[in-house]
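The lines below spell out each chain.
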Amino acid sequence: MWNMIFGEILILIGVIFLFLGSLGVFRMPDVYNRLQAGTKCTTLGAFSTIVGVGIIEPSWFLKSLVIAFFLLLTNPVAAHAIGRASYKMGVKLTEKSVVDQYGEEKDE
Amino acid sequence: MIKKVLIILLFVLLGLSLYSVVKYNTFGEDKTVVARHYIDYGMKETGSQNIVTAVVVLYRGFDTLGEVTVLFLAATALGALLHGLRFKSKEKEPSSLIVSTAARYIFPLIILFGTYVFVHGHLTPGGGFPGGVIIASAFLLLFLAYTQKEVSEKTLSLTEGTAGILYVITGLLGLVMLNSFLANFLPKGIPGKLLSAGIIPLIYILIGFKVGAEMTGVLRNLKEEEK
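Read top to bottom, the protein sequences are chains A and B. FYI, the numbering for the first sequence is 739 to 846, going by my numbering. FYI, the numbering for the second sequence is 26 to 252, going by my numbering.
For the record, the hints were derived by calculation from the structure and aren't laboratory data. Any given hint could be a false lead.
[Stated by the list, open to error] Cut-off 27 Å, straight-line C-alpha distance, at most; resulting in silico cross-link-like pairs (DSSO-like, lysine-lysine):
| no. | chain 1 | residue 1 | chain 2 | residue 2 |
| --- | --- | --- | --- | --- |
| 1 | A | 826 | B | 248 |
| 2 | B | 248 | B | 179 |
| 3 | B | 218 | A | 801 |
| 4 | A | 778 | A | 826 |
| 5 | B | 248 | B | 174 |
| 6 | A | 801 | A | 778 |
| 7 | B | 174 | A | 826 |
| 8 | B | 174 | B | 69 |
| 9 | A | 830 | A | 778 |
It should be emphasised that the depicted structure is a prediction, and the values quoted were computed from it without experimental measurement.
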């Protein structure tokens, strides 16, 4: 019984993060901010949802942990590669940006 | 105006033809004799839990051999076409430390997954073709992360050729032992076990290697090269 409640809470957290992530993709002003919203939220959202499913169905727990581990391993790297590629392609930052440490480091 | 009318007419015709197909073949009922046979006797006759695999490799094995040949021809033709035009590639920038480090850990995992998919083709969805493509995607990651990395063409064509020849030899063994090309000459075993379904795992392993090598070759050719 307790695992049911705990799992559902985890899934709820995941769903909220996924919702915020998709909202961020629409609302954010430039590629980098959108990428940030998309990736951070989907990594945690998917992670939490998958682990929650594993807790509700204990026989799937190990399998769900492995899936979550692979997500954790691949998702941030893919986002990093996209962000870096768009910077190198010359995609501009939004005008409201206050800091561009990557560019500063490159200029030095 | 006439163009629009024609387009509308085309859609109406398409809809009518689709409707007639749906009308006379209700979903889930009145299967054709062949389909009925596959579903009712498929597992008993082949020992394969996955009926799709049984159809692809055993019932219509000859088609699959043809498909593998078509893929081989397509890959070869692409290689021949691209060989003539070597694009002057832009200066390649090495990928970042994060990507190359991650690629080192993810590459074996993708290979493992692809191997799993084609070895378990008779038990779970998947099989030689998707398994091979997954393995090729591992090599794509390698090409992206390490721009200097090369896979030698010799290794690729050797793998591809060996797998293809072994496929034909498996078929010929069936012809010798059971008087029918690509016949299932190995014991069927218990459906659901890894070692079951006779020659299906064997053929899917060969197809997995062949498709993996072919698709890697395609990626290798598409990678801009400058000599």
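Report task. Would you check the hint for residue 826/A and residue 248/B, treating anything up to 27 Å between C-alpha atoms as holding? Result -> Holds, at roughly 19 Å.
Query raised in the report: If you draw a straight line from the CA of residue 248/B to the CA of residue 174/B, is it 27 Å or shorter?
Result: 11 Å, holds
Requested in this report: For the pair we were handed, residue 174/B and residue 826/A, check the Cα-Cα distance against 27 Å.
Outcome: 22 Å, holds
Query - 27 Å Cα cutoff - pair residue 801/A, residue 778/A - result: 23 Å, holds
**Report entry** Satisfaction of hint between residue 801/A and residue 218/B, Cα-Cα up to 27 Å
**Finding:** 20 Å, holds
Query raised in the report: Does the alpha-carbon distance linking residue 248/B and residue 179/B stay inside the 27 Å limit?
Result: Holds: residue 248/B and residue 179/B sit about 17 Å apart, inside 27 Å.
**Report entry** Satisfaction of hint between residue 69/B and residue 174/B, Cα-Cα up to 27 Å
**Finding:** The hint is violated at about 47 Å.
Report task. Would you mind confirming whether the straight-line C-alpha gap from residue 830/A to residue 778/A stays at or under 27 Å? Result -> 21 Å, holds
Query raised in the report: If you draw a straight line from the CA of residue 778/A to the CA of residue 826/A, is it 27 Å or shorter?
Result: Holds. Residue 778/A to residue 826/A sits at ~22 Å (cutoff 27 Å).
Hint check: a violation occurs at hint 8 only; the rest are consistent with the structure.
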